[in-house]
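Asks: Going line by line, the protein sequences match chains Z, W and P.
If you read the first sequence in this note's numbering, its first letter stands for residue 1, the second for the next number, and so on.
If you read the second sequence in this note's numbering, its first letter stands for residue 1, the second for the next number, and so on.
If you read the third sequence in this note's numbering, its first letter stands for residue 1, the second for the next number, and so on.
Straight-line C-alpha distance at most 27 Å; calculated DSSO-like pairs for lysine-lysine:
#	chain 1	residue 1	chain 2	residue 2
1	P	Lys31	P	Lys76
2	W	Lys293	W	Lys349
3	Z	Lys179	Z	Lys269
4	P	Lys100	Z	Lys10
5	W	Lys26	W	Lys444
6	Z	Lys269	P	Lys31
7	W	Lys444	Z	Lys40
8	W	Lys26	W	Lys104
9	Z	Lys120	Z	Lys76
Note that these hints are calculated values from the structure, not bench results.
Predicted model only: the values in this text are computed from it and were never measured.
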Amino acid sequence: MNAVTPTPTKLPPSQHEFAEIIHRLEAGGAMLPDTPENLKQIIGIYKAYAVPMDFYWRNLLYIAERVFLNPLPAFKYFLPQDYLDRHNHYAGEDADLRIWRGEATAHPELLEFMEKGEVKRKLPKLLHHLWHDRINMEFAEACMRAMFWHRNMGGQFDPYLDTEEYVANADRAIKAYFKGNPVMLGLYKLFPDMFIEQVRQLSYYSNLGLFWEVMAPVFFEMSDLYDEGKITTVPEAMSFLVNGIFAIAGRPIYHHVYIRGECYEIIPKSKGFMWLYEAALPYVEAVFYRTSPFRGTKSYNAQAKQVPENQDDFHYGILYADVFPVGSAGIPPTLLMQDMLHFLPPYLVEYYQQYCRGGDDTLIQLGVTFQRSMYCVTSAVIQALRQALLYPLDDPNPEHLQANRAFFEAQLNRLTRPEARLRDIQSQDYR
Amino acid sequence: MLSVLIWFPCFAAVIIALLPKSLDLKRVRLSALWLSGITLLWTIGLVIQFDLSNPLLQYQESLPWLSDLGLDYQLGIDGLSLPLLILNSLLTWLAIYSSRIDTKRPNLFYALILLISGGVAGAFLAQNLLLFFLFYEVELIPFYLLISIWGGAQQGSAATKFLLYTATSGGLILAGFLGLIWFSEASSFAYDLLLGQTLPLNIQYVLLVLLLLGFGIKTPLVPLHTWLPDTYVAASTPVAMLLGGVLAKLGTYGIFRFCMPLFPEAWSNLSPLLATWAVVSVLYGALAAIAQKDIKRMVAYSSVGHMGYILLAAAAHTQLSIVGAISQMFAHGLILALLFHLVGLIEAKVGTRDLDVLNGLMNPVRGLPLVSALLVLGGMASAGIPGLVGFIAEFLVFQGSYAAFPVQTLLSVVGTGLTAVYFVILLNRTCFGRLDNSLAYFPKVHWDERVPALILTLLIFILGIHPTWLVRWSEPTTTYLVAEAHLSTPAPQSIMANAEFH
Amino acid sequence: MADIVDIAVGSEDFSTLVAAVQAAGLVETLKSPGPFTVFAPTDAAFAQLPAGTIQTLLQNIPQLSRILTFHVTPGKLTQADLQALDSVVSVEGSPIPIQKSEGFEVKNATVVAADIEADNGIIHVLDRVLLMG
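Looking at chain Z on its own, in the form it has when it is part of the complex (with noise of 0.2 Å):
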């Protein structure tokens, strides 16, 4: 892995509007600066972000292989003890590929949240449930549908989900679900499509669960790394989540059920599907760029052409978010902002204490390193498909530079739209 060490540029300047972010990643750098600052609010974002993902994962996989068709699902996000439990592939002694040295159970921080809240008092999980002092779940499903309503985002998960294959893997499992219960199996006779769309979200669910497992140990890592003073630009912090995406891209994309302690693979191992295209890929198409309008205090209007009529054409992601209207209407990423609060490091709530309102705004504060953190990701993804289908930056060939230099240029045109934060990113007063 050379991609951080900077080449002399063989190309004429190019003449792109973000020209010198394109020189920036020609030279191996990210689309975020490489300045102290930013390094420490990213990474400090990427542990707090970690730690609910470390719940994301595991609630999304349980709900997708036990709570599955629950018709009455109100305690899917009571984890059991055994999915707490459950041994991280990527962390831990017994792990696939140990990218964390960290334990391959649920984090310890994230465990003390759960026992006490934020309110900082053991009371009943009941309580503290239902008056949201909790991990959000909500944001990780809201995740998840946007994959799922998106879909058509490139890899084969997608157009498997229709084929009468599936359809029968799912078939067998709902039948076996509801064994016994006439009024379901009416219900499944009258309405099949419902249910297995229902099923297709489920796995949907799993896909999203396999692909945080994977990122949170990564997010951990870095995090030690940098308090460890190995990580110390911003480059360096890049080339970690390459190296990462490239080490677990073989990893495979399945969904199993588990019903009456039988295993129903709805999508087996077998069928090949891996980490990188069938859920990093339309992930980050998914969220990062497209999901959805989310109604902060504006609302949109469809019919006057406010909200795109082709889904392609949606630009409602992280990469593109106002992240101003926290705390109205706009739930989703003001959730996920809400439970990364909680596990703020002290350098990053020190940090915030000293700008705009201080501790009032930390939310938003706090949504806008994510908002630079994740254009760090996307960066590092951009520069994995450029290693993984381009050439080297330091290609000795013209031609092969000139090919890389359309892709960044490519790339870097779903950015130029008037909502888009690269320009905002690159100024360290946007706050």
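Given chain Z, work out where chains W and P should sit, using these hints.
Replies: Structure of chains W and P alone, referenced to chain Z:
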């Protein structure tokens, strides 16, 4: 008792002015707050002891002064002046509270405000026409200084305009008073002495018009209002609160205290014209407010419109309408002070009053959510939404005036509708919408800065829900006033129509 | 003549590829009559992949097979055949673009040795592992 309300603030002003210049700004503000707080407490004490069953003057004080001139130191208080005195003490305290922490030359600033407070109290208390005039004129210079030294943009021309208009107003009033003495051949300017005078009708007309023009400038009524928007806009927040909340009430107070009772026949005959004049004021104020791009100017024009209701009520001069008018003076004082305070806060935090720039202040984290919420409430109160004090006052005015002047009253109701129009424009642009990313780095609003708004809001709510606490003070006096007036002229409507308010 | 697997096993440059093919259980397939065109990345090509990439794939055979079958296309296509085409469809299902440049380039890899004939097909040696997308 009453003299304290005049002389204590003046004494306080001297103390503040003499405080060492090196003293910390906060200390000066705190001293001013304490001193005006004492005045406020004194006023509350008066209110508690006020005899509700007595429609006549209470706590009268009388000292011979320049008896040769007919000028004696005569003070008294009744249901007409009591609410305005409370308003004066309260708004003075709140204005001092809402002054910026970094006011320059604080000693002079607070001294002037206290001086004004004493002067205004004197005008409300004076039971001698010349004494009233003296107190009326005494405000002029402090306000001029407050506007020209601490004002915003174009404060110089605004202050001069204010000075010229108000001086003219004073001149007209003095002319009216002198004429009254001259023609009635009274031996003194004492108010009670002049009450019983009957002058020939055409002399009454002349004198009444002189006084109406004088008080009309102060109120102000269209087309005598042109000084107002510039002055209100140029004045700093506390000064604007006092100008709109208290000083304007001197004009309407003068109408009720002098124009109406001193010239009953002329008043009755002219009242249809006055009602029409009121409607012109109401509609002009509202329409002008709709056209504004500057929120402070919008609020200033709203004041022009709302003072029109008071003239309408005065023209109708039924018992109910006068109770309504007094309530409206009080309510308008609270609401306008609240609006000016909030607009001042927005200007201080956001740095603009431009409707085209302001946006999304309702944002719960980065905006000014509480300020916006209170602004919405202030707008609602001003537009006469039930449950708030503005509704009570306006409803009483309309209810009381309808029988006398149905057309004018209905047109004024349209004016209320227009109030809702411009406040919806203001609120929609200012509070709602999406907060602009590039602008939204406003400083925090401290609790300290919210206190005046919260107190005013609380009063607006309480008096809106329980209006008896507002109208009970003035009811006996108004009953008496109307009865007196109707001794000489047939009433346009029966007092009994208002029986349900007893 | 030897078949594709024999040639790969016989060369020193393909130890990673051979190990992967064995792990994926594709030996039998590649020994079948075919014919196949195989794009064979060298050990150096595999070494360019970041650490852990191969490890994860070796743990997950279906995924490994998918990557490997992306390097195979049915039929026996020589350099001349390929350069006449824009792309060929791999056994995995995704297309493999053939670059129109001076050298012989397949997707983002350069062919370092072309037209190695085998009993059941033909091998082109690549300097880079091909990845779908």
